[in-house]
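Quick note, the sequences are listed as chains A and B, same order. Count along the first sequence starting at 1, add 77, and that's the number in this note's numbering. Count along the second sequence starting at 1, add 176, and that's the number in this note's numbering.
A hint or two may mislead.
Claimed, not checked - Here are the computed lysine to any residue pairs in the SDA-like style, where the Cα-Cα straight-line distance is at most 25 Å: (1) A:Lys185 with A:Val148; (2) A:Lys212 with A:Glu231; (3) A:Lys185 with A:Leu233; (4) A:Lys108 with A:Asp162; (5) B:Lys193 with B:Gln235; (6) A:Lys212 with A:Asn230; (7) B:Lys193 with A:Met188; (8) B:Lys236 with A:Pro126; (9) A:Lys122 with B:Gln182; (10) A:Lys122 with A:Pro200; (11) B:Lys188 with A:Glu181; (12) A:Lys108 with B:Gln230; (13) B:Lys236 with A:Lys108; (14) B:Lys232 with A:Pro200; (15) A:Lys122 with A:Gly157; (16) A:Lys122 with B:Ala198; (17) A:Lys185 with B:Leu237; (18) A:Lys185 with B:Tyr226; (19) A:Lys121 with A:Lys212; (20) B:Lys188 with A:Val148; (21) B:Lys193 with B:Asp225; (22) A:Lys222 with A:Thr239; (23) B:Lys193 with B:Gln182; (24) B:Lys236 with A:Met155; (25) B:Lys188 with A:Gln223; (26) B:Lys188 with A:Ser152; (27) A:Lys108 with A:Met155.
Keep in mind the hints are simulated off the structure, nothing from the lab. Since the structure is predicted, the reported quantities are computational estimates derived from the model, not experimental observations.
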Amino acid sequence: MAKPEPIMDAPIAGQSLTTEVGGRPWQQPAKYSTVEDALEFYAKKITDPAINSSLLDALEMGTPVSSVAEVIVQSSAMEGLHTIDVSILLLPVVMELIAYVADEAEIKYNMGIDTEIDQDIIPDSIIELAIKKAKDKMPEEEEEKQEEVMELNEELPEPQPTGLMARTETEDTPMETPDAEPEATPETGSLMARRA
Amino acid sequence: MSLQGQAITAYKNYLNKSMGQAPKEETPTMGAGLLSRNKPVEVEGNKEDYLMDQFKALQKLRAEIANGKT
Numbered sequence: 078m079a080k081p082e083p084i085m086d087a088p089i090a091g092q093s094l095t096t097e098v099g100g101r102p103w104q105q106p107a108k109y110s111t112v113e114d115a116l117e118f119y120a121k122k123i124t125d126p127a128i129n130s131s132l133l134d135a136l137e138m139g140t141p142v143s144s145v146a147e148v149i150v151q152s153s154a155m156e157g158l159h160t161i162d163v164s165i166l167l168l169p170v171v172m173e174l175i176a177y178v179a180d181e182a183e184i185k186y187n188m189g190i191d192t193e194i195d196q197d198i199i200p201d202s203i204i205e206l207a208i209k210k211a212k213d214k215m216p217e218e219e220e221e222k223q224e225e226v227m228e229l230n231e232e233l234p235e236p237q238p239t240g241l242m243a244r245t246e247t248e249d250t251p252m253e254t255p256d257a258e259p260e261a262t263p264e265t266g267s268l269m270a271r272r273a
Numbered sequence: 177m178s179l180q181g182q183a184i185t186a187y188k189n190y191l192n193k194s195m196g197q198a199p200k201e202e203t204p205t206m207g208a209g210l211l212s213r214n215k216p217v218e219v220e221g222n223k224e225d226y227l228m229d230q231f232k233a234l235q236k237l238r239a240e241i242a243n244g245k246t
């Protein structure tokens with residue numbers, strides 16, 4: 078029967094102290110203490126066609142550039158070439174450098190920073206969700222429209238006939254007759270005039 | 177001591193930084209001929225980060241490859 082293996086594969090507490098101080102490469106002073114020196118080292122290594130063939134193979138196989146860059150700078154830090162701080166500072170430039178070499182070699186690569194989404198393929202769950210949302214919205218919109226129509230009808234004045242034969246308001250009202258002046262009785266001063 | 181996705185974060189930061197910076201403006205100098213002593217002097221405080229410089233140079237090279245210049 079196989080012996081059960083421990084699930085956690087972490088180092089034992091104090092394991093780093095089991096060797097002599099300074100015995101590990103990263104406990105020694107770094108070979109390249111500045112980012113300029115370290116970048117020069119990487120630029121020479123990565124752009125060298127004799128060395129970078131395996132790197133390009135890894136990129137061609139689909140390994141993200143970010144992962145490759147992390148592995149490269151981390152292994153150099155473990156070898157004591159530079160500190161881990163320098164490696165983190167260098168990461169973006171090393172990524173760009175690797176991408177440049179891959180571009181030059183006409184290799185398709187994945188930077189690892191964006192996930193490609195095929196927009197033509199829409200998952201069923203999203204379609205169902207959209208339909209449900211549309212259904213939930215429908216009754217509310219219809220009710221709102223009906224309310225709006227009612228309000229508009231109330232606001233509109235009654236339609237008035239505009240035809241030629243249509244009666245206007247002025248015709249309905251009785252015509253005003255000018256006050257007739259009392260007839261002045263002709264006063265005749267002739268001899269033959271009748272007198273009351 | 178292992179890197180776990182720091183590259184992506186750092187790269188995105190650099191991209192944002194490089195896109196956010198205004199391009200360098202060269203100040204015109206009067207009579208800047210070959211024999212002129214009037215040479216433009218780099219203003220202090222306008223100095224860019226060495227790594228950012230390298231990053232931009234590499235981006236430019238990549239763009240040139242993509243555009244078929246080289």
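Hint-by-hint comparison with the structure:
Using a Cα cut-off of 25 Å, the hinted pair lysine 185 of chain A and valine 148 of chain A holds, with the two alpha carbons roughly 20 Å apart. Annotation: proposed proximity of lysine 212 of chain A to glutamate 231 of chain A is violated, straight-line Cα distance about 30 Å (limit 25 Å). A threshold of 25 Å between alpha carbons decides the hint, and for lysine 185 of chain A with leucine 233 of chain A the separation of about 68 Å lies outside it, so the pair is violated. Distance restraint check for lysine 108 of chain A and aspartate 162 of chain A: the Cα-Cα separation of roughly 14 Å lies within the 25 Å cut-off, and the hinted pair is therefore satisfied.
Straight-line distance between C-alpha atoms of lysine 193 of chain B and glutamine 235 of chain B comes to about 13 Å, which keeps the hinted pair within the 25 Å bound. The hinted pair formed by lysine 212 of chain A and asparagine 230 of chain A fails the criterion: a straight-line CA distance of about 28 Å is larger than 25 Å. At most 25 Å may separate the alpha-carbon atoms for a hinted pair to count; lysine 193 of chain B and methionine 188 of chain A meet this at roughly 18 Å. The hinted pair formed by lysine 236 of chain B and proline 126 of chain A meets the criterion: a straight-line CA distance of about 21 Å does not exceed 25 Å.
Distance hint between lysine 122 of chain A and glutamine 182 of chain B is fulfilled; the C-alpha atoms sit about 22 Å from each other, no more than 25 Å. At most 25 Å may separate the alpha-carbon atoms for a hinted pair to count; lysine 122 of chain A and proline 200 of chain A exceed this at roughly 44 Å. For the hint pairing lysine 188 of chain B with glutamate 181 of chain A, the CA-to-CA distance comes to about 22 Å; that is within 25 Å, so the pair holds. The hinted pair formed by lysine 108 of chain A and glutamine 230 of chain B meets the criterion: a straight-line CA distance of about 21 Å does not exceed 25 Å.
A distance of roughly 30 Å separates the Cα atoms of lysine 236 of chain B and lysine 108 of chain A; the hinted pair therefore is violated under the 25 Å criterion. A threshold of 25 Å between alpha carbons decides the hint, and for lysine 232 of chain B with proline 200 of chain A the separation of about 39 Å lies outside it, so the pair is violated. About 16 Å separates the Cα atoms of lysine 122 of chain A and glycine 157 of chain A, which keeps this hinted pair within 25 Å; it holds. At roughly 32 Å between alpha-carbon atoms, lysine 122 of chain A and alanine 198 of chain B are farther apart than 25 Å, so this suggested pair is violated.
Among the hinted pairs, lysine 185 of chain A with leucine 237 of chain B is consistent with the structure: their alpha-carbon atoms are about 17 Å apart, no more than 25 Å. At most 25 Å may separate the alpha-carbon atoms for a hinted pair to count; lysine 185 of chain A and tyrosine 226 of chain B exceed this at roughly 29 Å. About 62 Å separates the Cα atoms of lysine 121 of chain A and lysine 212 of chain A, which puts this hinted pair outside 25 Å; it is violated. Only pairs whose Cα atoms come within 25 Å are accepted, and lysine 188 of chain B paired with valine 148 of chain A is accepted, the gap being roughly 18 Å.
Between lysine 193 of chain B and aspartate 225 of chain B the CA atoms are separated by roughly 11 Å; this keeps the pair inside 25 Å, and the hint holds. With a C-alpha separation of about 30 Å, the suggested pairing of lysine 222 of chain A with threonine 239 of chain A is violated against the 25 Å cut-off. Only pairs whose Cα atoms come within 25 Å are accepted, and lysine 193 of chain B paired with glutamine 182 of chain B is accepted, the gap being roughly 16 Å. Our distance criterion of 25 Å between C-alpha atoms is broken by lysine 236 of chain B and methionine 155 of chain A, whose separation comes to about 32 Å.
A hinted pair counts as satisfied when its Cα atoms are at most 25 Å apart, and lysine 188 of chain B with glutamine 223 of chain A does not qualify at roughly 52 Å. A hinted pair counts as satisfied when its Cα atoms are at most 25 Å apart, and lysine 188 of chain B with serine 152 of chain A qualifies at roughly 23 Å. For the proposed pair lysine 108 of chain A and methionine 155 of chain A, the alpha carbon gap of about 12 Å is at most 25 Å, so the pair holds.
Violation of the numbered hints given earlier is confined to hints 2, 3, 6, 10, 13, 14, 16, 18, 19, 22, 24, 25; the remaining hints are satisfied by the structure.
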